[in-house]
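Participant: Sequence:
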Amino acid sequence: MKEKVYEYDTEICAAEQKGGAYVAFPYDVRKEFHAGRVRVHAEFDGEPYDGSIVNMGVKNPDGSICYIIGIQKAIRQKIRKQPGDTVHVVIRPLEQTEKKVPETVDEYISTQPEELQPRLYLLRDTLRAALPDAQERISWGMPTYWKGHNIIHFAGAKKHIGVYPGPEAVENFAEDLQEFPSSKGTIQFPHNKPLPAELIARIAVWCYQTGNHP
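Just so you know, we're using my numbering here: the sequence shown kicks off at 5 and counts up by one.
Read the hints as simulated data drawn from the structure, not as lab findings. Predicted, not measured: the structure shown is a model, and the values here were computed from it. Idealized CB from N, CA, C, for every residue including glycine. No false leads were mixed into what you were given.
No farther apart than 20 Å at their CA atoms in a straight line, the calculated lysine-lysine pairs in the PhoX-like style are these: (1) 8 - 163; (2) 35 - 8; (3) 35 - 63; (4) 163 - 197; (5) 162 - 8; (6) 197 - 162; (7) 188 - 77; (8) 188 - 82.
Across the chosen pairs, the derived CB separations fall in these ranges: (9) 10 - 196: 15 to 23 Å; (10) 61 - 125: 41 to 49 Å; (11) 198 - 64: 35 to 43 Å; (12) 68 - 175: 34 to 42 Å; (13) 10 - 106: 17 to 25 Å; (14) 53 - 31: 12 to 20 Å.
Build out the structure end to end from the sequences listed, making use of the hints.
Facilitator: Structure below.
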């Protein structure tokens, strides 16, 4: 059974308790999961978190139940965002990630849609060439390049490939990334555009040389 992934951009909301924050899950939880509380693996601008989608009494504008997932202060500090800011969210049911976490990058790519695999292999070859001394591994369920610390991650999605070099890298290459959707720590390379291998290589080398952590 193909893994289901929920990916969207949304605003971070302040929780009633002082200092808390959450994001809404904009789908019908009971219809999607046949439950009112679901354990999930989430990513906020590429920053991973395992938690639960729950009903905490929040309502949608139409009065219906709004299911939410908390976004911890430590994560908000890492992605440099607070209530009122927009964040890119990726949600996977935790039972799926527990059963299907690949052990190698080859295995990861083989589980992606067939039409996407050539782009993922191109990206992989680009990062291997740019980071010849880095170790290739799976970290947080994503292909990762590591030497003493994580340097850069990537992941396939329905409409794009996500590359996760960290907020400092995205800020440093902001001018080069104007045509690509990005947020702090995350870059999206849409499938309907050629993959900018040279730019990705420069970002990866910059991350390695500066000791930047995603």
